[in-house]
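On the provided structure of chain A, position chains B and C as indicated by the hints.
Single-letter residue listing:
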Amino acid sequence: MIPLFLGFAALLVATSLLVILHKNPVTSALFLVLAFCSLAGIYLLLHAEFLGMVQIVVYAGAIMVLFLFVIMYLNLQHDVETGVQIAVRRGIGWLAGAAVLLTGATLFGVPAGGGSGWALGPANAVDPAAGAGNVRAIGRELYSRYLFPFELTSVLLLVAMVGVIVIARGGARRGGARRGGPPPAAGPADPPEDR
Amino acid sequence: MAELWSNPAVQTLTWALVKVLIILHAMLGAVSYLIYAERKICGHIQARTGPNRVGPFGLLQPVADVVKLLFKEEFIPAKANKVVFHIAPILAVFPAIVTFSVIPMGPPPTFVVTDINVGLLLFLAMSSLGVYALTLGGWASNNKYALLGGLRSSAQMISYELAMGLSTIPVLLQAGTMSLVGLVERQAGWYPVGDTGLWLPNWGIFHWFLVLPFVIFLITAFAETNRAPFDLPEAEGELVAGFHTEYSSMKWALFFLGEYMNMLVISAIAITLFLGGWHGPGLFLGTDGWWSPGPPWMGLVWFLAKLAAFMFFFIWVRWTFPRLRYDQLMAFGWKVLLPASIVNVLIAGVWIYLRGPRP
Amino acid sequence: MIPLSWLLALSAVVFTIGVVGVLVRRNALVIFMSVELMLNAANLTFVAFANHMKSLDGQIFVFFVMTVAAAEVAIGLAIIVHLFRLRETVFVDEIHLLKG
Numbered sequence: 001m002i003p004l005f006l007g008f009a010a011l012l013v014a015t016s017l018l019v020i021l022h023k024n025p026v027t028s029a030l031f032l033v034l035a036f037c038s039l040a041g042i043y044l045l046l047h048a049e050f051l052g053m054v055q056i057v058v059y060a061g062a063i064m065v066l067f068l069f070v071i072m073y074l075n076l077q078h079d080v081e082t083g084v085q086i087a088v089r090r091g092i093g094w095l096a097g098a099a100v101l102l103t104g105a106t107l108f109g110v111p112a113g114g115g116s117g118w119a120l121g122p123a124n125a126v127d128p129a130a131g132a133g134n135v136r137a138i139g140r141e142l143y144s145r146y147l148f149p150f151e152l153t154s155v156l157l158l159v160a161m162v163g164v165i166v167i168a169r170g171g172a173r174r175g176g177a178r179r180g181g182p183p184p185a186a187g188p189a190d191p192p193e194d195r
Numbered sequence: 001m002a003e004l005w006s007n008p009a010v011q012t013l014t015w016a017l018v019k020v021l022i023i024l025h026a027m028l029g030a031v032s033y034l035i036y037a038e039r040k041i042c043g044h045i046q047a048r049t050g051p052n053r054v055g056p057f058g059l060l061q062p063v064a065d066v067v068k069l070l071f072k073e074e075f076i077p078a079k080a081n082k083v084v085f086h087i088a089p090i091l092a093v094f095p096a097i098v099t100f101s102v103i104p105m106g107p108p109p110t111f112v113v114t115d116i117n118v119g120l121l122l123f124l125a126m127s128s129l130g131v132y133a134l135t136l137g138g139w140a141s142n143n144k145y146a147l148l149g150g151l152r153s154s155a156q157m158i159s160y161e162l163a164m165g166l167s168t169i170p171v172l173l174q175a176g177t178m179s180l181v182g183l184v185e186r187q188a189g190w191y192p193v194g195d196t197g198l199w200l201p202n203w204g205i206f207h208w209f210l211v212l213p214f215v216i217f218l219i220t221a222f223a224e225t226n227r228a229p230f231d232l233p234e235a236e237g238e239l240v241a242g243f244h245t246e247y248s249s250m251k252w253a254l255f256f257l258g259e260y261m262n263m264l265v266i267s268a269i270a271i272t273l274f275l276g277g278w279h280g281p282g283l284f285l286g287t288d289g290w291w292s293p294g295p296p297w298m299g300l301v302w303f304l305a306k307l308a309a310f311m312f313f314f315i316w317v318r319w320t321f322p323r324l325r326y327d328q329l330m331a332f333g334w335k336v337l338l339p340a341s342i343v344n345v346l347i348a349g350v351w352i353y354l355r356g357p358r359p
Numbered sequence: 001m002i003p004l005s006w007l008l009a010l011s012a013v014v015f016t017i018g019v020v021g022v023l024v025r026r027n028a029l030v031i032f033m034s035v036e037l038m039l040n041a042a043n044l045t046f047v048a049f050a051n052h053m054k055s056l057d058g059q060i061f062v063f064f065v066m067t068v069a070a071a072e073v074a075i076g077l078a079i080i081v082h083l084f085r086l087r088e089t090v091f092v093d094e095i096h097l098l099k100g
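Residue numbers (my numbering), protein chains in the order written: chain A, 1 to 195; chain B, 1 to 359; chain C, 1 to 100.
The reader is advised that the hints may include incorrect statements.
[Claimed, not checked] Reference listing, derived: stretches of chain B covered by chain A, where coverage requires no fewer than 3 residues with Cβ under 8 Å from a Cβ of chain A: (1) 114-121; (2) 130-140.
[As the list claims (entries may be wrong)] Using C-beta positions, here's what the derived DEER-type ranges look like: (3) A:158 to B:3: 52 to 62 Å; (4) C:95 to B:79: 47 to 57 Å; (5) B:82 to A:75: 13 to 23 Å.
[Said to hold, decoys possible] EDC-like mimics (lysine to aspartate or glutamate), calculated; alpha carbons at most 20 Å apart, straight line: (6) B:68 to B:38; (7) A:23 to C:57; (8) B:79 to A:141; (9) B:82 to A:79; (10) C:54 to A:141; (11) A:23 to C:94.
No lab work stands behind these hints: they were computed from the structure.
Where a beta carbon is used, it is the ideal one built from N, C-alpha and C, also for glycine.
Bound-form chain A, shown alone (with noise of 0.2 Å):
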């Protein structure tokens, strides 16, 4: 179990790394996919075994290609980043990353779950590990004392969908120009409209 945890988290945070380090976008996206699968791997280890799989689903499956959907429609190349006022900024970000790092250090210096001083609000007793039921469990918490974020969610994506499809297409509805499509043909009749 630990060392597969080990295994799992090296490869997550080498490929965090990489996503940031690498100059080809698309190749950032490529990491960050295996960045995602590792931590896949990482909630299958903590009885997350639905969210494991839901991770891969929409995060891996889903949200990395319609990333790798944009980059290659964007034809995006290496990225150059050369100049003294990028190597500032980016020395700056390196010392403001340590420094989130050493807040967080000392926040965790304290043994968590001991004495640590944060307030643990009150816990649902259901216990992810307790036999073949995570699915189970997680549906039954989730349409009892969660049914009214779940329904707002579902609201969020109605949202985000038309917001989209307003925005995709947004430039080219006005000033009456043509989306797209070959120019009028000369020839014989169309052929009929096949729906």
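Just chains B and C now, with coordinates in the frame of chain A:
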């Protein structure tokens, strides 16, 4: 050595590895002969014999094909991204093989490699990962037609994935478990239909609210594996060869292999969900009449028979129907199949609620 | 049983890597990917606590975070595509038309 073997974890692991090796080799053999079967069946559908020169009835044709492919020269386009170019064919094969590790091919525990309680989600996860092979293969070739083919193909796959996932939900509602072994076990036995005195096997398709999901699953299976009539992205003659234009020799063979393995896997899942998995009449070997289940190995025989029937169906449809145009394809997926699956979930949910729990 | 502090440390490291990515890179898409890294680090914290406290609340939260992240990625990418159509670039340094 003896004390190592007495650890049950080591035992399970070793048996799992043995089963994995058997499945891997069986799949590779099956796929080579599937290609032969396709050419033979295609030939007979087109009123000619297929390959019949190499070996009796052309049975050694796959061997000749493999040897030829191994000796072909490998081209890598000049400005292609070499690493991704090499990885894409591997990604085509890997999800299909992983899914086979959770499919029950016979009564557990001998005929399943492993049973996880989210087996169906694993299948959906792996089919989501299968999109990458096409996208990356098309992009890495540094070729317009390949890129277009790859993007079209992945757009088609992710559109039909939705309808496929939703069409499996009525099955889950009926069975109450996501584990594939559990799903097959829930399809054992017979159930009486109302008051008519008719007894139907408990398989998926013999429940009326699962017939339409089965049809939708079948149609999306064709779209997911890029098989005709949904194979415009790799259409020979329309887009050169789509996303695998620039691939030669073993890399192309791997894409081809991946396509057939995907066919095998999706058929296996369809059989597990809708057609009763490894259940079948025991014929002369049953203890209680010809319909009672026979010895465990008959489960494997029935599973393979159903798989073969599905493969024949896939090949039959390919050489019978014309190809769908890309916009027709996308419109069909989004405007017809997706609403149909959602309505299905509604109908199945209402019916199961009204019917009450079934033991 | 994986110690909780290890999981929290891993989550902190991944979150920091995401922060550095947002600050250092110029490509809007890579910045977006780093934001996704940060979200996933938070998800890992939730799942770690769900496992430690034997409670299912953490996993439900992760479910909602994934949904929101998916919606956010869709809209963010639509905005980036639209921006690319107008400005011909995805480098955030060069999109400074509102600068005084």
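The hints, checked one at a time:
1. Evaluation of the coverage hint for the region 114-121 of chain B: fulfilled, as 4 residues show C-beta separations to chain A shorter than 8 Å, against a requirement of three.
2. Counting residues of the region 130-140 of chain B whose CB lies closer than 8 Å to any CB of chain A gives 5, so the stated coverage by that chain holds, three being the minimum.
3. A hinted range of 52 to 62 Å for the beta carbons of residue 158 (chain A) and residue 3 (chain B) is consistent with their spacing of about 60 Å.
4. The hinted window of 47 to 57 Å between residue 95 (chain C) and residue 79 (chain B) is violated, with their beta carbons roughly 29 Å apart.
5. The hinted window of 13 to 23 Å between residue 82 (chain B) and residue 75 (chain A) holds, with their beta carbons roughly 19 Å apart.
6. As the CA atoms of residue 68 (chain B) and residue 38 (chain B) are separated by approximately 19 Å, the hinted pair is consistent with the 20 Å bound.
7. The suggested pairing of residue 23 (chain A) with residue 57 (chain C) is violated, with an alpha-carbon distance near 39 Å, which exceeds 20 Å.
8. Among the hinted pairs, residue 79 (chain B) with residue 141 (chain A) is inconsistent with the structure: their alpha-carbon atoms are about 53 Å apart, more than 20 Å.
9. Between residue 82 (chain B) and residue 79 (chain A) the alpha-carbon distance is near 18 Å, which keeps this suggested pair within the 20 Å criterion.
10. Note on residue 54 (chain C) and residue 141 (chain A): the hinted pairing holds, with a Cα-Cα distance of about 14 Å set against a maximum of 20 Å.
11. Taking the CA atoms of residue 23 (chain A) and residue 94 (chain C), the gap is near 18 Å; set against the 20 Å cutoff, the hint holds.
In this structure, the hints that do not hold are numbers 4, 7, 8, in rising order.
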